[in-house]
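K.L.:
Protein chains in written order, with the numbering used here: chain A, 1 to 323; chain B, 1 to 340.
The set of hints was computed from the structure by calculation and includes no laboratory data. Treat each hint with caution, since some may be false.
[As the list claims (entries may be wrong)] As a list, the in silico DSS-like pairs of lysine-lysine whose alpha-carbon atoms are at most 30 angstroms apart: (1) A:60 x A:282; (2) A:7 x A:199; (3) A:199 x B:277; (4) A:7 x A:282; (5) A:199 x A:282; (6) B:277 x A:60.
[Said to hold, decoys possible] Calculated from the model, a selection of chain A residues having no Cβ within reach of chain B, i.e. all distances over 12 angstroms: (7) 12; (8) 86; (9) 240; (10) 275.
Even glycine gets a Cβ: it sits at the ideal position worked out from N, Cα and C.
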Amino acid sequence: MADPLLKVSGLEVHFPIRSPFLRQRVGTVRAVDGVDLEVGRGETLALVGESGCGKTTTGKAILRLIDPTGGSIRFGGEEIAQHGPSRLAPFRRRMQIVFQDPYASLNPRMTVGGILAAPYEIHRIGTTADRHARVAELLRTVGLPPEAARRYPHEFSGGQRQRIGIARALALEPELIIGDEPVSALDVSIQAQVINLMKRLQAERGLAYIMISHNLAVVSHVADRVAVMYLGRVVETAPRETLFFDARHPYTQALLSAVPEPVPGRRRARQVLQGDVPSPAKPPKGCHFHPRCPIAQPRCAEEVPLPRVVAPGHAVACHLAAP
Amino acid sequence: MSAAASLPDETGAAAAEAPLLSVRDLTLHIPVPPHVLRAVDGVSFDLRRGETLGLVGESGSGKTLTALMLMRLLEPPLAALPKGEVLLDGTDLMALDEKRMSALRGRTVSMVFQEPMTSLNPVMTVGRQIAEPLVRHLGLSSREAAARAEEMLRLVHIPDPARVARAYPHLLSGGMRQRAMIAIALACRPAVLVADEPTTALDVTVQAQILELLAELQREMGSAILLITHDLAVIAETAHRVAVMYAGRIVEEAPVAALFAAPRHPYTRGLLASIPKIERVPAPTLPEIPGMVPGAGDRPRGCAFMPRCARAVSGCAAEPPPLAETDPGHRVACWNPANG
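Isolated chain A (complex conformation) (with noise of 0.2 angstroms):
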């Protein structure tokens, strides 16, 4: 990709195991083990993969929310990954998040208009009079009326949290918004409500998304391109509909054979895993799937596959991917 607005490269996020009484370290946690990853402007990057495969610490190292033991993160053609807290605070500006949970990231004791108006107050921008302008406007981008300033949080349905949440993201005009399971705690037809609302907010205002999910099925509304995780690694990253139709990744494959289909008597000859996503404290030697992978060969076992590139925009960890 030429000039991607964000390029992380070898993304590395350990955290040290200590010892309860010495307080030696006597092991390490590899969440994010060199991930490797490309946002173009006006895009949506899926980052998907199972409970702890590392995509949610991704996301909050990109945002320098968790500091990253190693790795490369370019913004904008800046390496910003240890950079302090001064030379980050302009970049705070440029990448917002969305929470997964709307009624945990809305602080219960401010009005709705004091949380749109806090990002303001932080970067001082703007007089008490335009900041008042500017919450009106976020709600009405968002669909919610502008009374809905002077309310609670508890007031509203997680779909309308939800709804307040994006507004706050988008206060300061940011250019990649982070949305770690935006919709996954919404029930099915509101879901549908959030995910137009943001595709609409990207298509007006040129937004990039990284769009963290479980949910496959909603990434494949949304997403331009997907990368698959599993145990700390990228094993798969490819375009949408590539990744959908033509996955190479034995992981990849499982996974999308595993999601249940609204449709009866439809159901696809089912590739069940065995076993569970071991502990990334202990990480398999070699490639991470290894043990549960269907097609593993010896090889598997001792040599960390490293990213292939299958076709353009198509790249495979795996020995055994067929080119």
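Following the hints, put chain B in place on chain A, whose structure we already have.
P.N.:
For chain B alone, kept in the frame of chain A given last:
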């Protein structure tokens, strides 16, 4: 306790016989002065041997409360409020005293909960939790029960069952805990299993394992399953029949193929349309149901879906529509149902 206490070993050719479980006009109105919350409002359905009925609905639709009433698990002060009948092979569970009910619970009717971590006892080994109902209900000795517990763990495909039987729940992964809970619920081979969002807290690959397991155990034991979920895709793959709940009532009930192919209630149609599906060329926008579910305290007098309904007609505001049969086995509660 009549015939309800045991399950016949043969399961085939059962669909035509009388229902095993018959729920009639189940109601839970909670007085919260000056309002009355109509949490569950006259729910009726039948469940036959070897059958899976999916009970689907969004948050607040009353599906979990329906299950808790049926299991007689509501706690005081709510415990005194339910009205209606739950006939299990002719015995009305609602009329039993707690002593007789607890003799059935875990033996003839059993329940699997959404959150295995909060439903398992953290200070008792998994093996003892499975053995407990066997000792209590079937009078097995503790040695026999321990052996049966290991066998149950093997049955739910837990590797190394002897080791897991001695383990405490926190040592197990989410998927393993859910398997352990299924082992507890099925230990006495119950005639009816109520599963409330049994896979919602799990990853898709583990969900696939658990759903296969439930189907396999059902074939083996012939239990009837009431599967409660918000996920229509899970219903499509596992249920024989579906009942859709909205605002405390069943709005549509049909065999699974008919419900998905020819839904007639506008809410069911909206719900099915709004599920994202994996397609080569997705529609630019997903169909939405406008508005939101009304709270249990401020439901309209007539049809509760009317304020969000595109097919509403003048009569909808006056009276809630009754659940009426439109085709054999297909019931719809709507004054202006769509053609299937």
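K.L.:
Against the structure shown, which of the earlier numbered hints fail to hold, in ascending order?
P.N.:
5, 9 and 10
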